[in-house]
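If you're matching them up, the sequences are chains A and B in order.
Going by this note's numbering, the residue at position 390 of the first sequence is 390; the numbering climbs one at a time, nothing skipped.
Going by this note's numbering, the residue at position 2 of the second sequence is 2; the numbering climbs one at a time, nothing skipped.
Any given hint might turn out to be false.
[Said to hold, decoys possible] Covered, in the sense of this in silico footprint (three residues per stretch, anywhere, with C-beta under 8 Å from a C-beta of chain A), are these stretches of chain B:
| hint | region |
| --- | --- |
| 1 | 105 to 112 |
| 2 | 276 to 288 |
| 3 | 449 to 458 |
| 4 | 520 to 529 |
[Claimed, not checked] Dumping the calculated EDC-like pairs for lysine to aspartate or glutamate here, alpha-carbon to alpha-carbon at most 16 Å:
| hint | chain 1 | residue 1 | chain 2 | residue 2 |
| --- | --- | --- | --- | --- |
| 5 | A | K152 | B | E566 |
| 6 | B | K152 | A | E149 |
| 7 | A | K340 | A | E407 |
| 8 | B | K152 | A | D155 |
| 9 | B | K581 | A | E186 |
| 10 | B | K581 | A | D276 |
| 11 | A | K581 | B | D385 |
| 12 | B | K576 | A | E566 |
| 13 | A | K581 | B | D573 |
| 14 | B | K293 | B | E407 |
| 15 | A | K152 | B | D573 |
| 16 | A | K581 | B | D155 |
| 17 | A | K581 | B | E407 |
| 18 | B | K581 | A | D573 |
| 19 | B | K373 | B | D385 |
| 20 | A | K394 | A | E570 |
| 21 | B | K581 | A | E570 |
| 22 | A | K340 | A | D356 |
| 23 | A | K576 | B | E566 |
| 24 | A | K360 | A | E393 |
These are calculated hints, taken from the structure and not from any lab test.
The C-beta atom is built at its ideal place from N, Cα and C for all residues, glycine as well.
2 protein chains.
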Amino acid sequence: MLRTHTCGELTSKHIGKEVTLAGWIQKSRDLGGMTFIDLRDRYGITQLVFNMESQSALCEQARKLGREFVIQATGKVAERSNKNPKMPTGDIEILVGKLEVLNSSATPPFTIEDNSDGGDELRMKYRYLDLRRNPLRQNLALRHRMAMETRKYLDSLNFLEIETPFLIKSTPEGARDFVVPSRMNEGQFYALPQSPQTFKQILMVAGFDRYFQIVRCFRDEDLRADRQPEFTQIDCEMSFITQEDILNTFEGLARHLFSKVKGIELDNFPRMTFDDAMKNYGSDKPDLRFGMKFVELTDIARGKGFGVFDDADLVAGISAESCAEYSRKQLDELTEFVKKPQIGAKGLVYVKYNNDGSVKSSVDKFYREEILKTWTDKFNAKPGDLILILAGEKNKTRKALNELRLEMGNRLGLRKPDVFKPLWVIDFPLLEWNEETRRYYAMHHPFTSPKPEDIVKMKTDPGAIRANAYDMVINGVEIGGGSIRIHNKELQKQMFALLGFTDEEAQNQFGFLMNAFEYGAPPHGGIALGFDRLVAMFGGSDSIRDYIAFPKNNAGRDMMIDSPSEISQEQLDELKLRITK
Amino acid sequence: MLRTHTCGELTSKHIGKEVTLAGWIQKSRDLGGMTFIDLRDRYGITQLVFNMESQSALCEQARKLGREFVIQATGKVAERSNKNPKMPTGDIEILVGKLEVLNSSATPPFTIEDNSDGGDELRMKYRYLDLRRNPLRQNLALRHRMAMETRKYLDSLNFLEIETPFLIKSTPEGARDFVVPSRMNEGQFYALPQSPQTFKQILMVAGFDRYFQIVRCFRDEDLRADRQPEFTQIDCEMSFITQEDILNTFEGLARHLFSKVKGIELDNFPRMTFDDAMKNYGSDKPDLRFGMKFVELTDIARGKGFGVFDDADLVAGISAESCAEYSRKQLDELTEFVKKPQIGAKGLVYVKYNNDGSVKSSVDKFYREEILKTWTDKFNAKPGDLILILAGEKNKTRKALNELRLEMGNRLGLRKPDVFKPLWVIDFPLLEWNEETRRYYAMHHPFTSPKPEDIVKMKTDPGAIRANAYDMVINGVEIGGGSIRIHNKELQKQMFALLGFTDEEAQNQFGFLMNAFEYGAPPHGGIALGFDRLVAMFGGSDSIRDYIAFPKNNAGRDMMIDSPSEISQEQLDELKLRITK
């Protein structure tokens with residue numbers, strides 16, 4: 001080893017010891033008689049001291065070293081006169097007696113500090129320098145720790161990690177595949193997996209009963225902010241289980257991770273049906289860190305002459321604690337907010353339950369104070385609270401009210417990054433109707449099992465069928481989802497028919513899975529958790545990019561290696577491909 | 001759970017207990033009054049009993065169940081009258097009181113037994129049935145266990161597992177890349193990584209100091225037997241280390257795996273230079289499970305009038321213990337063996353050191369018994385031993401003698417699958433001269449560091465430069481290899497020049513790595529171990545295919561999912577590609 005210790009481990013108990021450290025120069029201060037260098041490695045920072053009087057040549061040499069030079073320094077650990085209690089190594093310094101420059105460095109294009117002065121593009125291009133910064137280093141260490149703990153937990157429950165192939169087959173259903181031309185099979189292509197879904201089901205047919213994999217997946221989608229063309233998921237499947245077994249096993253995983261990695265002991269996860277989540281929060285991923293559950297006023301608000309409410313499918317609102325004194329300006333801001341095109345409400349009605357017990361509303365004209373009091377009662381509001389009400393078509397109103405609720409949560413500081421409120425959303429609809437194509441689509445995927453008691457509706461009312469499908473939601477973020485699968489080939493055929501697949505299409509795309517189902521498929525189900533998202537949440541961030549070592553930008557480009565790029569004509573010829581422009 | 005226990009865990013201590021099992025019907029025997037079913041899951045086999053007298057309806061139902069049906073059975077654990085000591089559950093059986101058929105099965109196309117009657121192609125097509133067989137199930141469980149233990153060991157040494165990207169950039173040097181057309185960047189392609197080599201070096205520049213990854217890699221090569229287009233490696237890199245640190249760390253990993261997974265405690269790994277390996281074994285991956293070290297006779301065998309030896313660059317042989325009584329036929333077989341085109345020797349000379357102390361040779365005409373005795377002395381041969389000698393050009397002769405040595409090892413049963421003899425081969429040449437293209441190629445890769453003391457030869461005698469490169473070899477198989485890297489950008493430039501890269505080519509292909517080296521690259525080095533090969537070796541097999549869940553055949557096809565396959569014209573249009581035939 002070129003070092004005896006790391007830059008993060010020396011303390012006063014090492015005083016007097018001769019040590020060798022190696023690392024990067026974080027900064028250097030020349031005080032005339034003394035030169036101080038902060039030496040950095042992955043583990044911390046240690047102060048090196050060069051004394052002009054006793055070691056003039058060495059000190060001269062040290063003075064010339066620039067930021068990010070790589071050096072090896074040998075010397076004695078000494079007590080600092082000027083201790084720094086903020087650093088683990090702040091009690092000591094190294095009186096350097098020997099110095100070797102292992103490498104020089106050009107001046108970095110941005111500062112290697114916790115808060116860098118580099119812009120996004122620059123930091124992506126020089127990712128190796130950005131990764132030297134503490135926050136990113138800690139993010140990747142967190143990621144490693146979470147992957148280790150995930151594997152330990154699942155291994156302890158007899159799960160086997162089984163690697164599934166990356167060169168698979170393109171299936172037009174769902175998102176767009178990345179394809180890989182095959183040189184040995186002219187004119188044919190592999191596809192990169194969007195998920196190992198069919199392979200994990202095949203593994204259940206093969207009898208592996210508890211499978212997991214922390215695995216890269218690929219989607220060639222137009223990238224929205226914070227989507228990556230390649231991403232990592234914790235992919236799992238179990239046989240001979242019920243939905244309840246899966247929920248318990250994987251909330252167990254989440255609890256294990258919170259406990260081991262963050263020292264947080266979570267309660268059992270509450271379960272909420274999709275219908276309840278939509279009715280009470282207007283979202284299938286409610287943020288339970290705060291209240292403001294929806295209250296519906298449709299029945300009592302209609303028929304009083306206020307046209308907007310009278311014509312509404314749904315009148316519903318939330319009660320914001322202690323906001324009755326919101327100013328005109330604040331209320332206008334909220335109205336502007338809900339009227340933004342992406343939210344789409346036509347307007348906002350408020351009811352102020354004043355501290356003096358009086359009630360004031362933007363619809364005073366139509367509703368007497370007495371009536372408004374019945375509303376505040378419905379909300380269980382207290383004097384000082386502000387009730388915000390939207391109305392219109394049911395689903396649109398719920399969606400808009402969800403956005404308003406989250407906005408109020410943000411304004412009131414109720415969405416604390418260090419508080420974690422998980423839940424399971426269950427009983428999702430099996431199908432979604434698409435008005436444009438006039439057909440049903442699988443809400444989850446075509447292998448999701450309907451609830452046995454709803455199978456009778458397959459002919460009569462497919463839209464009302466509930467699925468044995470579930471999402472794990474934490475703090476309003478969908479961390480993962482899964483379902484109990486169809487293991488009966490007849491039911492699977494009915495499902496494909498319902499989704500408008502011809503037998504031939506179904507056979508062509510999923511034939512190998514349907515063939516496998518001929519040979520004794522066990523009851524099974526599973527889940528996939530978004531690992532990038534989960535790590536980012538543990539790190540207290542909404543953005544996954546800083547939790548991936550080498551992410552791509554929004555155009556799918558790796559700025560550091562400048563990829564994708566052109567390939568040679570020889571490569572194209574070998575693949576029998578021509579580019580058409 | 002649809003079961004209370006697995007099919008592998010019930011023993012006499014459970015007798016009297018009511019249990020529920022679920023699994024596949026391995027076989028069923030109808031003895032009139034009783035029907036026995038062997039129920040199988042991942043954990044074992046348990047015998048179910050149906051009694052015609054007490055449960056006639058149930059028994060009738062059980063009789064109709066075919067092989068590989070999936071059932072759930074509830075009943076009491078009872079002591080078997082006819083115990084089977086070969087099975088962990090052989091002391092008990094289940095007196096079934098309740099039976100549910102979870103799924104039926106078509107008749108499998110081959111038997112699900114340890115030794116199946118299915119051919120290779122058939123078993124690949126129905127991989128999910130093949131994977132139900134014990135040997136394959138155990139192989140994948142072994143693979144999981146080895147991956148877990150690898151991670152535990154490296155984690156305990158502060159290595160971080162960091163995921164590197166799969167969509168990277170094509171580099172023409174080396175093997176052929178698989179490429180991935182980018183829809184969002186017209187006419188441009190990503191490439192799938194042949195290894196994360198440059199990324200792990202970038203991570204060292206980024207200060208991560210101890211990196212590993214169990215990672216899929218891709219090579220679009222014409223597949224020789226037992227090569228896969230996608231394969232898995234344990235990829236590692238360390239900073240601030242010497243070669244010795246890497247050897248110690250990773251023989252530590254191998255020892256940890258042997259200890260934890262196989263209960264075998266290995267000694268420290270011997271180190272052998274490339275030159276010694278070639279001289280003594282004719283191979284850079286010698287199998288040390290047995291002796292037969294080469295002995296060179298060039299000096300004492302030449303000049304006695306035997307033209308073959310007189311003209312030879314090298315005369316060398318091996319001594320096979322107790323083989324002096326080999327028959328004419330056996331010796332002819334060996335002669336045929338060495339004359340095969342892929343071995344390429346012109347002939348074989350033998351010297352029998354008979355049990356009576358006399359010496360008999362195929363070259364008696366040229367060498368008196370007295371002379372031949374000096375040969376047997378050189379071999380330290382004992383009466384009863386057989387000496388086999390080849391002669392010719394040095395490298396060719398060594399290569400052929402290596403093959404002969406391995407063949408003799410096989411014939412004498414000296415290559416035992418349960419004996420493990422590891423070593424490090426070190427001091428590889430830096431460069432290989434290619435006579436056809438008349439240029440040097442990097443023996444390892446262009447980032448490998450020459451030995452500091454050999455750098456002076458870069459101008460004068462490049463072929464003689466030794467590299468800080470090393471291979472881990474076990475039982476004659478190269479398990480992995482690595483090197484100390486060049487971290488100095490000037491040396492890296494010289495290296496590229498030596499390999500015939502123009503500055504532009506080097507910049508184009510490896511520019512981002514060379515740019516990174518401008519900003520303080522630490523001294524670093526690493527290794528990559530072939531995980532498929534390592535697992536197969538632990539499993540006692542030469543073939544990796546049975547240690548991969550879903551392998552491809554020799555044409556690179558996945559027989560189960562029938563991939564690669566054609567994609568739609570729409571997909572091609574989106575990618576701006578046309579297939580030329």
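Each hint tested on the structure:
Coverage of the region 105 to 112 of chain B by chain A holds in this model, with 3 residues showing a Cβ closer than 8 Å to a Cβ of that chain against a need of three. For the region 276 to 288 of chain B, the stated coverage by chain A is violated: 0 residues have a C-beta nearer than 8 Å to a C-beta of that chain, whereas at least 3 were required. Under the rule that three or more residues need a Cβ within less than 8 Å of chain A, the assignment of the region 449 to 458 of chain B is violated, with 0 such residues. Coverage of a stretch by a chain is defined here by at least three residues with a beta carbon nearer than 8 Å to that chain's beta carbons; for the region 520 to 529 of chain B and chain A the count is 4, and the condition holds.
At roughly 41 Å between alpha-carbon atoms, K152 (chain A) and E566 (chain B) are farther apart than 16 Å, so this suggested pair is violated. Taking the CA atoms of K152 (chain B) and E149 (chain A), the gap is about 10 Å. The hint holds against a cut of 16 Å. This hinted pair checks out: K340 (chain A) and E407 (chain A) have alpha carbons roughly 13 Å apart, not beyond 16 Å. Straight-line distance between C-alpha atoms of K152 (chain B) and D155 (chain A) comes to about 12 Å, which keeps the hinted pair within the 16 Å bound.
This hinted pair checks out: K581 (chain B) and E186 (chain A) have alpha carbons roughly 8 Å apart, not beyond 16 Å. The hinted pair formed by K581 (chain B) and D276 (chain A) fails the criterion: a straight-line CA distance of about 58 Å is larger than 16 Å. At most 16 Å may separate the alpha-carbon atoms for a hinted pair to count; K581 (chain A) and D385 (chain B) exceed this at roughly 73 Å. Restraint check: the Cα-Cα separation between K576 (chain B) and E566 (chain A) comes to about 13 Å, which is no more than 16 Å; the hinted pair holds.
Between the alpha carbons of K581 (chain A) and D573 (chain B) the distance comes to roughly 10 Å, so the proposed pair stays at or under 16 Å and holds. Taking the CA atoms of K293 (chain B) and E407 (chain B), the gap is about 14 Å. The hint holds against a cut of 16 Å. In summary, the hint linking K152 (chain A) to D573 (chain B) is not supported, as the alpha carbons are separated by about 45 Å, beyond the 16 Å threshold. Pair hint K581 (chain A) plus D155 (chain B) does not hold up; C-alpha atoms about 49 Å apart against a cutoff of 16 Å.
Distance check on the hinted pair: K581 (chain A) and E407 (chain B) sit about 58 Å apart at the alpha-carbon level, beyond 16 Å; violated. Restraint check: the Cα-Cα separation between K581 (chain B) and D573 (chain A) comes to about 10 Å, which is no more than 16 Å; the hinted pair holds. Restraint check for K373 (chain B) and D385 (chain B): satisfied, since their Cα atoms lie roughly 12 Å apart, inside the 16 Å limit. The straight-line distance between the Cα atoms of K394 (chain A) and E570 (chain A) is roughly 59 Å, outside the 16 Å bound, and the hint therefore fails.
For the given pair, K581 (chain B) sits about 15 Å from E570 (chain A) by alpha-carbon distance, which is consistent with the 16 Å threshold. Of the pairs offered as hints, the one joining K340 (chain A) and D356 (chain A) is violated, with about 34 Å between alpha carbons and a cut-off of 16 Å exceeded. As the CA atoms of K576 (chain A) and E566 (chain B) are separated by approximately 13 Å, the hinted pair is consistent with the 16 Å bound. At roughly 26 Å between alpha-carbon atoms, K360 (chain A) and E393 (chain A) are farther apart than 16 Å, so this suggested pair is violated.
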